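Asker: Let chain A serve as the given structure and place chain B with the ligands on it in line with the hints.
Residue numbers (UniProt numbering), protein chains in the order written: chain A, 1 to 514; chain B, 1 to 152.
If you're looking for bench data, these hints aren't it; they were derived computationally from the structure.
Please note: incorrect hints may appear among the correct ones.
Once the Cα atoms are required to be at most 35 Å apart in a straight line, the calculated DSBU-like pairs of lysine-lysine come out as [said to hold, decoys possible]:
hint, chain 1, residue 1, chain 2, residue 2
1, B, 54, B, 17
2, A, 174, B, 122
3, B, 122, A, 155
4, A, 304, A, 388
5, A, 155, B, 13
6, B, 54, A, 300
7, A, 489, B, 122
8, A, 73, A, 174
9, A, 196, B, 123
10, B, 5, A, 130
11, A, 503, A, 247
12, B, 9, A, 174
13, A, 489, A, 247
14, A, 155, B, 123
15, A, 106, A, 242
16, A, 174, B, 123
17, B, 17, A, 155
18, B, 122, B, 5
19, A, 388, A, 279
20, A, 130, B, 9
21, B, 122, B, 17
22, A, 135, A, 196
23, A, 468, A, 247
24, A, 279, A, 362
25, A, 174, B, 5
26, B, 122, A, 135
27, B, 123, A, 130
28, A, 280, A, 244
29, B, 5, A, 196
30, A, 300, A, 135
31, B, 123, A, 135
On the chain A side, residues computed to face chain B include the following (Cβ under 7 Å) [claimed, not checked]:
hint, residue
32, 140
33, 171
34, 185
Treat the numbers as computed from the prediction; the structure is a model and nothing was measured.
Yeah, the Cβ is synthetic: ideal placement off N, Cα and C, and Gly gets one too.
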Amino acid sequence: MDSDDEFNSSQVSEDEFMQDSDVDLVDDDSDFDMDQDDVGFETQDKDIKPSKQAYEVDFKVFDPEQIQQTQDKQITDVSAILGQPPEATAILLRHLRWNKERLIDKYMEDQDGILESAGLGESATHNPPKIIRVKGFVCDICCEDGPELDTFAMKCGHRFCVGCYRQYLYTKIKDEGEAARIRCPGDGCNRVVDSKSLDLLVAEDLRDRYQELLTRTYVDDKENLRWCPAPNCVYAVECGVKDKELKRIVPTVHCECGHYFCFGCSLNDHQPAPCALVKKWLKKCEDDSETANWISANTKECPKCHSTIEKNGGCNHMTCRKCRHEFCWMCMGVWSEHGTSWYNCNRYEEKSGSEARDAQAKSRQSLERYLHYYNRYANHEQSAKLDKDIYLKTEKKMQQLQNTTGMSWIEVQFLDTASQALQQCRQTLKWTYAFAYYLARNNLTEIFEDNQKDLEMAVENLSEMFEKPIDQLKGLKVDMMDKTAYCNKRRIILLNDTAENLKQGNWEFNVSMS
Amino acid sequence: MFASKRLQKELAKLHEKLPPGITLIRADDFSEWLMDIRVIDSNPLYQGEVYRLKFNFSQSYPIEAPEVVFVRDESHPIPWHPHVYSNGIICLDLLDRQGWSPVHNVESICVSLQSMLTSNTKKERPPGDENFVRYNTQRPRDINFVFHDKNV
Ligand SMILES: [Zn+2]
Ligand SMILES: [Zn+2]
Ligand SMILES: [Zn+2]
Ligand SMILES: [Zn+2]
Ligand SMILES: [Zn+2]
Ligand SMILES: [Zn+2]
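The shape of chain A in the complex, shown without the other chains (with noise of 0.2 Å):
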């Protein structure tokens, strides 16, 4: 199962976003809002905030040039506070990732200490660093000498000519992406080549990917900041969800490019399975990939005519083209019982136990437990696919009809967020089936259940109206608004459920989290 990597994402214009983050993507607790008193991202070991929905959590996301603002901005700041020059308290920062309290806790402790193991030996404050010619010198890297030759040291002293320094330094940084931390070429110095000596030995363009690394570096040490992991995706996000919060919260968040990922793990949305139970199942999968083969298969017989059906659309609610017999792709069962309480297509029946006495009959049972709920996430995923390129293609005769129909580009918007809805909602209804697997039974499963089933009948309900012939579709517009609508309440409902139950540990769950 490598579905999970693929990339999914909506795309959403760029006023619904700014909608977005003025209403509930607010964090005030944020170094980026440069308040005076700057705690830095590590101190924020507040609850997390209530915000509009309990499955919400909060967020912002950072473009490039912000990012290096903040950064430069902690530099400065710390550059005052200890009386440091700018370059080196860039490396004193990157030297402890960027934990501006211990930084400077240790530093009043123990200034040279700390001085000493970032790599910047005594005061280096005084002698900006300069190219000289040493008259007998060699070069100990390749082994030239000449009283023409260009020579570079740090404060450390080993001594190399510039040549070399500077292969050096295009090999750290071009070829390792190397940038906090390239020492000095010496043998076991450990000197952290600063900025400043770096801006004399490189060139401009070379410059510039040292810049991009160390950016880069600053993400990936900050516990509250994340690089978007959707492909080119340059914005990075930062949440104040801490890992060991993950056991009961499942912190999606939604990046400026379209994408939802989870900022605990970087996948995608996988709410409302926690990060633990997710990577439990997507291994399961991988493991059990055979057993499961067989199911994504496009085609099935009727349960009644046996004749060869394709399904080509998302919709689960099949209408057999031979004998007009409806029913559902999932369980095969007659599609008129599914919106009936009595009935589950969702809900996995434990057989009794009188059947299941011997190892035989026991595995088999959790095989086939597996595989009602892999069968059914597996389905969403293959669905949500189908859906959309149903909708691609509908999308593209509608653009070919708007012409001849004179309907506008704003009006066939609606099944542009119909679209987006069902995409999401499967989504979500995936996952649904993966925590139901790990989901132990008590009071509060019929209720989720009951969401599953509610949300998963009105995703049908959407998908179906894409299968309807274009022509009907204007006529269809109010009643396709209200079918989205309809998804979006069952989404938020289920959710709702089950991040609050979560958040106060009244799951169980048949396997540990850790």
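Answerer: This is chain B with the ligands only, laid out in the frame that chain A set:
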């Protein structure tokens, strides 16, 4: 270029004089050299044996560490050492990206390996040797070794 100029100088020096127990076997070009080393004290683990080292240099040697492995043939076994795998791959921080310094050279590597053997008392392979030898497909430079103890 960079590597060949430096290697030319090293070669001239190696032809001139070599530390005891170290022999230059082959250096026909600037990409692969063979060196022999033997332990000169009386460590019983290595008595009477000569080990062959193969050096591979990249274009950016000595900025980049060379790839150094022990090679086995009829007259050259792989020495026992808790940091030497039975396929000849050496786990030594000196040869690692982090531990390498461009002031090192072929001679200093040979000397370091010589003293690494000299000080060893354990007739052992690294933990997980069997699996490593069977499954490793990476080049030595791309392996991320964890250096258990810096003293060996
Ligand atoms: Zn040089
Ligand atoms: Zn140095
Ligand atoms: Zn992004
Ligand atoms: Zn996660
Ligand atoms: Zn049929
Ligand atoms: Zn069903």
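Asker: Does the structure keep residue 300 of chain A and residue 135 of chain A at a Cα separation of 35 Å or less?
Answerer: 85 Å, violated
Asker: Within a Cα-Cα threshold of 35 Å, do residue 122 of chain B and residue 155 of chain A meet the stated pairing?
Answerer: 41 Å, violated
Asker: Does the structure keep residue 54 of chain B and residue 17 of chain B at a Cα separation of 35 Å or less?
Answerer: Given that 35 Å is the threshold and the Cα spacing comes to 20 Å, the pair holds.
Asker: Below or equal to 35 Å on CA atoms is what counts here, so check residue 17 of chain B against residue 155 of chain A.
Answerer: 34 Å, holds
Asker: Would you mind confirming whether the straight-line C-alpha gap from residue 123 of chain B to residue 130 of chain A stays at or under 35 Å?
Answerer: 51 Å, violated
Asker: Decide if the proposed pair is consistent with the structure: residue 122 of chain B and residue 5 of chain B, CA atoms, cutoff 35 Å inclusive.
Answerer: Violated, at roughly 40 Å.
Asker: Check whether the Cα positions of residue 468 of chain A and residue 247 of chain A lie no farther apart than 35 Å.
Answerer: 43 Å, violated
Asker: Holds or violated: residue 5 of chain B and residue 130 of chain A, Cα atoms, limit 35 Å.
Answerer: 27 Å, holds
Asker: Hint check: residue 106 of chain A vs residue 242 of chain A, CA-CA at most 35 Å. Holds or violated?
Answerer: 24 Å, holds
Asker: Between residue 122 of chain B and residue 135 of chain A, does the CA-CA distance stay at or below 35 Å?
Answerer: It is violated: about 48 Å lies between the C-alpha atoms, which goes past 35 Å.
Asker: Holds or violated: are the alpha carbons of residue 279 of chain A and residue 362 of chain A at most 35 Å from each other?
Answerer: 25 Å, holds
Asker: How about residue 140 of chain A: closest beta carbon in chain B under 7 Å, or not?
Answerer: Status holds, d = 4 Å.
Hints 2, 3, 6, 7, 9, 14, 16, 18, 23, 26, 27, 30 and 31, counting from the list given before, are not met by this structure.
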